[in-house]
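Let chain A serve as the given structure and place chain B on it in line with the hints.
Now for the letters of each chain:
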Amino acid sequence: MGQRIRASFLGLGFVGIMSTLYLGLLWAPSVANDAFESPAAQRIFYWHVPSAWASFIAFAVLFVGSALWFFKRSPTGWRLHVAGAEAGLATGLMTVWSGTVWGSAEWGTPWDWTDVRLNTFALLTLLALFLVLGRRSQPDGVETRDTFSAFGLFGFALVPFTYVATRFWVIRHPGPVVATGNDGSLQSDMALVLFIGAISFTIFIIGHILTSMHITKLEQRVEMLQSEIDKGG
Amino acid sequence: MEGMSYLTVGYLGMIVGIAIWTWTVFARSKNLEARIYAIETSLGKEDIEADSIALKSAINEEN
Chain A
41 MGQRIRASFL
51 GLGFVGIMST
61 LYLGLLWAPS
71 VANDAFESPA
81 AQRIFYWHVP
91 SAWASFIAFA
101 VLFVGSALWF
111 FKRSPTGWRL
121 HVAGAEAGLA
131 TGLMTVWSGT
141 VWGSAEWGTP
151 WDWTDVRLNT
161 FALLTLLALF
171 LVLGRRSQPD
181 GVETRDTFSA
191 FGLFGFALVP
201 FTYVATRFWV
211 IRHPGPVVAT
221 GNDGSLQSDM
231 ALVLFIGAIS
241 FTIFIIGHIL
251 TSMHITKLEQ
261 RVEMLQSEID
271 KGG
Chain B
23 MEGMSYLTVG
33 YLGMIVGIAI
43 WTWTVFARSK
53 NLEARIYAIE
63 TSLGKEDIEA
73 DSIALKSAIN
83 EEN
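The listed protein sequences derive, respectively, from chains A and B. First residue of the first sequence? That's 41 in our numbering, and the numbers climb one at a time after it. First residue of the second sequence? That's 23 in our numbering, and the numbers climb one at a time after it.
Some hints here could point you the wrong way.
[Claimed, not checked] Derived coverage of chain B by chain A (criterion: at least 3 residues anywhere in the stretch with Cβ under 8 Å from a Cβ of chain A; other residues may be distant):
| hint | stretch |
| --- | --- |
| 1 | 24 to 31 |
| 2 | 35 to 46 |
| 3 | 75 to 83 |
Just so you know, these hints were derived from the structure itself, not from any lab. Cβ coordinates follow ideal geometry from the N, Cα and C atoms, glycine included.
Next comes chain A alone, as it looks inside the complex:
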């Protein structure tokens, strides 16, 4: 896919993300003062929720890529695996960062080790970190790719578990505010900003995944050229 298309996704996504920030800070209504300990800090959720949404997309890409490599030996599958792991790490870290900052303001503590949602999401982010660092530290080969793909396949089980965690165990992390099965607990203006954020992060992460796949293709080409040189041209 062309450089112009990748740049368009990234640019459009970035503009949308910045628009979400502007709308979230200056246009969206405030929450009731008695509903939160720190009502101002609640506005972090206009990026926190979309970045968590984007991370789930990234982990789905990681799962599909891992399956395509593991069962079909597809080069595109491996590129998807690499791109999904990198995007999952970046968006996962953003989600954890914004969550801990909000937790510090709202709960008085950045983390709660008894909360299921927090810990399963942290495990997902650590899985992405392991895959990204592992791939960079290990020589590329069939066995290495099989091992990392197996982690990508089994690690995906944490995604639905993380998604439903707050429906079964509301400990610290708030329960779901969208897709709740009733009219939802969000005001329409807040829901609109959140929706723009989710669309923008989705477009942005698609741009990053396409770019990351292109980079992996370039790395593979460098390896091919180097092996040609090693053989004597």
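For chain B alone, coordinates are given in the frame of chain A:
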């Protein structure tokens, strides 16, 4: 810290994260393209699109 301070720290951290992530991706891409151009020019080669590991794996499975 006040709520607005937490909000500022939270958003600034994420903006820095997005900037580093995007810059790293573009820097890696440019660096690799420059390396490939230099090697291919010196070898007089056409573009090589294949994934050597996938090729090796396919050959092993055929044998």
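Under a C-beta cut-off of less than 8 Å, do 3 or more residues of the stretch 35 to 46 of chain B approach chain A closely enough to confirm the stated coverage? holds (count 6)
Notebook entry, point to check: At a Cβ distance under 8 Å, does chain A reach at least three residues of the stretch 75 to 83 of chain B?
Noted result: holds (count 7)
- Against chain A, does the stretch 24 to 31 of chain B show at least 3 residues with beta-carbon separation below 8 Å? It holds, with 6 qualifying residues against the three required.
Every hint from the earlier list agrees with this structure, and none is contradicted.
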